[in-house]
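> Take a look at the letters that make up each chain.
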Amino acid sequence: MRAPARSWARVLGNRVVARDTRWIELECPDVAAAASPGQFVMMGTGLSDVAAPFLPRPFSIGARDGDGRLGFLVREFGAGTRRLTRVEPGDELLILGPLGRPFHLSPDRAVLCLAGGVGLAPFLFVSAEARHEGCEVRIVYGERSGDRVFDLGLVREIAGVDPELRTDDGSLGARGLVIDDLDLGDRPQLLACGPDPMLRACVRLATEHDLPLQVSVEEHMGCGVGTCQGCVVLSATGEWIKSCTEGPVFDATELTWQT
Amino acid sequence: MRAPARSWARVLGNRVVARDTRWIELECPDVAAAASPGQFVMMGTGLSDVAAPFLPRPFSIGARDGDGRLGFLVREFGAGTRRLTRVEPGDELLILGPLGRPFHLSPDRAVLCLAGGVGLAPFLFVSAEARHEGCEVRIVYGERSGDRVFDLGLVREIAGVDPELRTDDGSLGARGLVIDDLDLGDRPQLLACGPDPMLRACVRLATEHDLPLQVSVEEHMGCGVGTCQGCVVLSATGEWIKSCTEGPVFDATELTWQT
Amino acid sequence: MADLSQRLFGVDFQSPVLLASGTCGYGEEYADLIPLERIGGLVTKAVSLEPRPGNPPHRVAETPGGMINAIGLQNVGLDRFRSEKLPWLSENLHDARVLINVVGHSVDDFGAVVSGLDGEEGFLGFEINVSCPNVADGTMFGTDKRALSDLVTRLRSLTERPLVVKLTPNVPDIDAYARICEEAGADGLSAINTFPGMLIDVERRRPVLGNVSGGVSGPAILPMGVFLTWRAAAAVSIPVIGIGGIRSGDDALQYILAGASLVQIGTALFVDPAAPVQVQEDIEGYLRRHGVERLSDLVGALSLPENLPERG
Amino acid sequence: MADLSQRLFGVDFQSPVLLASGTCGYGEEYADLIPLERIGGLVTKAVSLEPRPGNPPHRVAETPGGMINAIGLQNVGLDRFRSEKLPWLSENLHDARVLINVVGHSVDDFGAVVSGLDGEEGFLGFEINVSCPNVADGTMFGTDKRALSDLVTRLRSLTERPLVVKLTPNVPDIDAYARICEEAGADGLSAINTFPGMLIDVERRRPVLGNVSGGVSGPAILPMGVFLTWRAAAAVSIPVIGIGGIRSGDDALQYILAGASLVQIGTALFVDPAAPVQVQEDIEGYLRRHGVERLSDLVGALSLPENLPERG
Ligand SMILES: Cc1cc2nc3c(=O)[nH]c(=O)nc-3n(C[C@H](O)[C@H](O)[C@H](O)COP(=O)(O)OP(=O)(O)OC[C@H]3O[C@@H](n4cnc5c(N)ncnc54)[C@H](O)[C@@H]3O)c2cc1C
Ligand SMILES: Cc1cc2nc3c(=O)[nH]c(=O)nc-3n(C[C@H](O)[C@H](O)[C@H](O)COP(=O)(O)OP(=O)(O)OC[C@H]3O[C@@H](n4cnc5c(N)ncnc54)[C@H](O)[C@@H]3O)c2cc1C
Ligand SMILES: Cc1cc2nc3c(=O)[nH]c(=O)nc-3n(C[C@H](O)[C@H](O)[C@H](O)COP(=O)(O)O)c2cc1C
Ligand SMILES: Cc1cc2nc3c(=O)[nH]c(=O)nc-3n(C[C@H](O)[C@H](O)[C@H](O)COP(=O)(O)O)c2cc1C
Ligand code: FES
Ligand code: FES
Chain X
124 MRAPARSWAR VLGNRVVARD TRWIELECPD VAAAASPGQF VMMGTGLSDV AAPFLPRPFS
184 IGARDGDGRL GFLVREFGAG TRRLTRVEPG DELLILGPLG RPFHLSPDRA VLCLAGGVGL
244 APFLFVSAEA RHEGCEVRIV YGERSGDRVF DLGLVREIAG VDPELRTDDG SLGARGLVID
304 DLDLGDRPQL LACGPDPMLR ACVRLATEHD LPLQVSVEEH MGCGVGTCQG CVVLSATGEW
364 IKSCTEGPVF DATELTWQT
Chain G
124 MRAPARSWAR VLGNRVVARD TRWIELECPD VAAAASPGQF VMMGTGLSDV AAPFLPRPFS
184 IGARDGDGRL GFLVREFGAG TRRLTRVEPG DELLILGPLG RPFHLSPDRA VLCLAGGVGL
244 APFLFVSAEA RHEGCEVRIV YGERSGDRVF DLGLVREIAG VDPELRTDDG SLGARGLVID
304 DLDLGDRPQL LACGPDPMLR ACVRLATEHD LPLQVSVEEH MGCGVGTCQG CVVLSATGEW
364 IKSCTEGPVF DATELTWQT
Chain D
542 MADLSQRLFG VDFQSPVLLA SGTCGYGEEY ADLIPLERIG GLVTKAVSLE PRPGNPPHRV
602 AETPGGMINA IGLQNVGLDR FRSEKLPWLS ENLHDARVLI NVVGHSVDDF GAVVSGLDGE
662 EGFLGFEINV SCPNVADGTM FGTDKRALSD LVTRLRSLTE RPLVVKLTPN VPDIDAYARI
722 CEEAGADGLS AINTFPGMLI DVERRRPVLG NVSGGVSGPA ILPMGVFLTW RAAAAVSIPV
782 IGIGGIRSGD DALQYILAGA SLVQIGTALF VDPAAPVQVQ EDIEGYLRRH GVERLSDLVG
842 ALSLPENLPE RG
Chain U
542 MADLSQRLFG VDFQSPVLLA SGTCGYGEEY ADLIPLERIG GLVTKAVSLE PRPGNPPHRV
602 AETPGGMINA IGLQNVGLDR FRSEKLPWLS ENLHDARVLI NVVGHSVDDF GAVVSGLDGE
662 EGFLGFEINV SCPNVADGTM FGTDKRALSD LVTRLRSLTE RPLVVKLTPN VPDIDAYARI
722 CEEAGADGLS AINTFPGMLI DVERRRPVLG NVSGGVSGPA ILPMGVFLTW RAAAAVSIPV
782 IGIGGIRSGD DALQYILAGA SLVQIGTALF VDPAAPVQVQ EDIEGYLRRH GVERLSDLVG
842 ALSLPENLPE RG
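Going line by line, the protein sequences match chains X, G, D and U.
Position one of the first sequence corresponds to residue 124 (this note's numbering), numbered consecutively onward.
Position one of the second sequence corresponds to residue 124 (this note's numbering), numbered consecutively onward.
Position one of the third sequence corresponds to residue 542 (this note's numbering), numbered consecutively onward.
Position one of the fourth sequence corresponds to residue 542 (this note's numbering), numbered consecutively onward.
Mixed in with the good hints there might be a few duds.
Stretches of chain X that chain U covers, calculated by requiring three or more beta carbons in the stretch to come under 8 Å of a beta carbon on chain U [what the hints assert, rightly or not]:
(1) 244 to 250
(2) 333 to 344
(3) 348 to 354
Calculated from the structure, these hints are not laboratory results.
All C-beta atoms in this analysis are idealised placements derived from N, C-alpha and C, irrespective of residue type, glycine included.
Pulled out of the complex, with its shape left as it was, chain X reads as follows:
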């Protein structure tokens, strides 16, 4: 892995792709060149003012292209993401990246991505890269309701696949959770990203079917590069380990899963 870089990235585009959710494109050649699927960046507005986000926020890389462009799926959550979702073309954001450990794909198994909400972001990149290398990729994507579902045309364009859609209320796609009624016939390798309860359900599923599972976890971060120890998760051996440098992608067996 290449060392992370710090750079000001120009906003190239920002469009609404679902309720409270934007697809933000940045010009960031260094990061684009070095990134692997599953990695993230710290995205912030720099030191010149103290409005939120004052601390940068972590975002999974959703896409990159050969022209130095990066794409992010950013959902408004609190004050920091409110400001970030309002950026306009020409604005600049301070980017640190690429950061963290990416997904590792075994070439001999199909890839099944389990995405909850904005947990879809890394799988757009995973799918684009894996398919490029001839891997078969499926994405099962769940949201609470249909209005939160990310523009499916864009998903197809970036990921190269049509996601299998689930919503909690059945307002779009099949009613149910990401892990409901899954076809695991080809014994795929599982990749999961989404809210904690969903990750725990994925762990149970993987254990039950004895399938390999990698998860991308979310924890509050300070530095993103391993200095502050802010972003810890509980390892399988009961130690607090840093999710920014040892993760955010972990093999599910590396972590303790509270039930």
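We have chain X already, so just place chains G, D and U with the ligands on it with the hints.
Okay, now just chains G, D and U with the ligands, sitting in the frame of chain X:
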């Protein structure tokens, strides 16, 4: 005087009129209807974020029209005015006003305005109103250098007069200070607004020629409405008095002038 | 409609939102901009026995996420407060509760103000500001346990009105100070006052404030205020009024969940005089959304993790 | 080129800008992003005698104008620090000065870490973090004058290396603590550590931090840090390192004018790792613009008003 109002005002225009200096137009009917020349507003960005200006900043009303529009001459000074000078049409600013005591003009004397830098702002409004009532108004306007001189076409348009221009370095207009070589033949009433040393020079001039002088002073403000006691100046009797409610316009004899 | 009212000090507060001392003058100055009779109440600017001239300017400046002030407790003094300011409060405020903020350099100073006002109409009780240095020994009542205890004991003997002590934040053990006040007979506590701070104009190499140092307030101190309110409220059984950096309903609710029965809004008023009403409405919306019937059910209703790890 | 260097503790610091403890790991983590050999130096994450597991998440969150953290002093402990972390510092840092931040629950704990490292290479001296609660009596060394004096006296007897004591901000009289450290033999002081604070998730009615409370840092505390540095520096003749909320050259210069000989940058690193170099360049620009030959001419060069009015 009418009670001040609190309102969100839409930015209608923002143009560069000199180095680091903007003419900002706001739609603010309540304030426009109630304002008198010499009054000011507190201008801020509200409570939603804590970037400077977190506290609102005082600005003299530079113009108003019958359509509810206000004009302000805003010069970039520190972090707060940096952000304010970057507003764009459609943005909203939180305005409290009109505030403070206006200039009082005697109808029987010509008006001579002595303006240093952005101290010009209140006199645009003074001139427009006084001329409307048939008063004769002259403005002597000084800046450090020519590049800081406010667009003279716009001054004429708003104030209805051509200012007599002075610059410290002589790069535009006459070389010298606002008080140099003044024609006081008609024994005008003097109004002054500008940096402290300039105001002190005006006080000496007025005393020497026994002319009435009103000054508009600048002090850091918290509330702008008389509650915090943040904005005090020293009265002639040696007390700290509030410049937001008892000023910003004072008769020069009401204050103590340190020399 | 959810019930925002709280019964405290023997009376009803129609809302938990009060205006903080020093940021709302004597009420009158904000009467056109804030519907005072619709909020919980206000605390006056500090009143001292003698008039105080206050500090030279600058007296206020912005700091990152907040502000700093060194007003110097400028006020008209007891006599003029009683004759010029109190009548307005008495005539105009009926549903909003008024506390009078009192300062002094000695126990006698404080006592004279409290006794001098006790028989008047137009206010509910006193908020004792102990952040002022004691002239006798230079330390503040707010950071000297013995002096604080003596002060509160004496004031208790002078009035039956509610006596609220406003605590200083820059002590390591606010719980001990809180208990001292309770034991000496205080009816309530306010937490917190401003943090000592200083700003320097680097171009001129001199302090920005005429008084050199001042007190820091505003959003910057919110997490400190919530913590100190939580510590103080846990230490006593009298009500605590939470103060520091409040600018939204969520901020106020942090204090209430931490144990505050009422809150005060200071610096945010300068930014937007609509803040108090907005905060009230936000709290009401929260109660409705969460199906909480009365605000008092939320006071101190914070769930703590089961095995609290060591601090540090 | 203006001279940014300072001679302190018997060595030269090429620049006054250091990285603050806990925000730069053990140096190595920032080696790709910060040209460590071009700055003044760094202070390591706290080292304790035994490894510490640290607190459960969340450990960090943003606060208005700053952040709050409750890491819990997670660290690898003395032995692994010596064998795994110190060698990197020793091999890679020559022009940048290294201080090792030391914590402990008892005088013996601190003593063991200091003695255990004293004979090693790769660092200049110790920064003693006294914000950790003393297990014996629960208070912190940093807020107990007697315990602080005993601690510093003992550590002084164990090492001849520079011994810097890092002061806690939440005391009313930092000058007294500063003098105690000086009298007990400290070579320098660092001011300040974080302020105790708390954030509450109002939707879930529980603290945001796993540890309930934590320490507030960042721009929000800048005016408090400048004030406390000024008070501490005025009280002693040993050098003071200014810390708290620095994110620009002007911020650093406020500390320097207030009396700091060096400064540390913490939280700002997370926002922009380019901050230390930028701050250095800004200070250099200031010196050039103002015709100041050497930085040391600015230390404490604040003009105060002639008749300083009373505080309060
Ligand atoms: C590795 C990683 C990848 C992520 N990728 C994406 C993505 O592609 N798209 C997307 O929309 N979101 C993503 N997130 C979540 C995103 O970082 C949070 O939504 C964001 O930090 C919330 O900030 P806020 O200011 O809006 O929330 P607030 O709640 O106002 O923030 C308060 C504090 O909580 C922290 N915080 C709150 N929620 C989270 C969270 N879920 N993760 C980390 N910190 C949090 C913030 O950093 C801040 O310190 C990712 C998180 C991680 C750790
Ligand atoms: C009654 C009045 C009318 C004014 N009219 C105008 C005008 O028409 N056009 C214009 O450009 N400027 C005007 N000013 C000055 C303007 O308010 C300041 O330039 C502005 O406050 C500086 O803010 P800042 O954040 O850029 O400066 P910073 O130095 O970053 O501000 C730091 C702090 O200092 C205060 N401050 C600094 N300078 C001043 C000052 N001169 N007056 C008041 N507070 C100050 C700020 O409020 C803030 O609290 C007026 C001031 C007053 C009092
Ligand atoms: C300008 C100003 C003046 C103040 N004057 C007083 C005072 O006279 N008495 C007092 O007890 N507190 C005073 N305070 C402190 C406030 O009442 C309040 O405790 C503090 O500002 C924190 O609240 P905030 O962050 O909402 O402003 C003052 C605060 C400010 C900003
Ligand atoms: C995440 C984090 C961890 C910290 N860990 C330590 C520590 O181990 N020892 C210590 O003395 N200070 C520690 N501090 C305090 C900083 O060194 C510094 O004193 C404080 O953050 C104020 O500076 P700042 O505002 O520039 O961050 C830590 C601060 C942060 C933000
Ligand atoms: S975010 Fe700082 S160590 Fe992971
Ligand atoms: S600015 Fe508050 S009293 Fe004048």
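> Hint by hint, work out which the structure violates, then give me just those numbers in ascending order.
Hint 1 is the one this structure does not satisfy, whereas the remaining hints hold.
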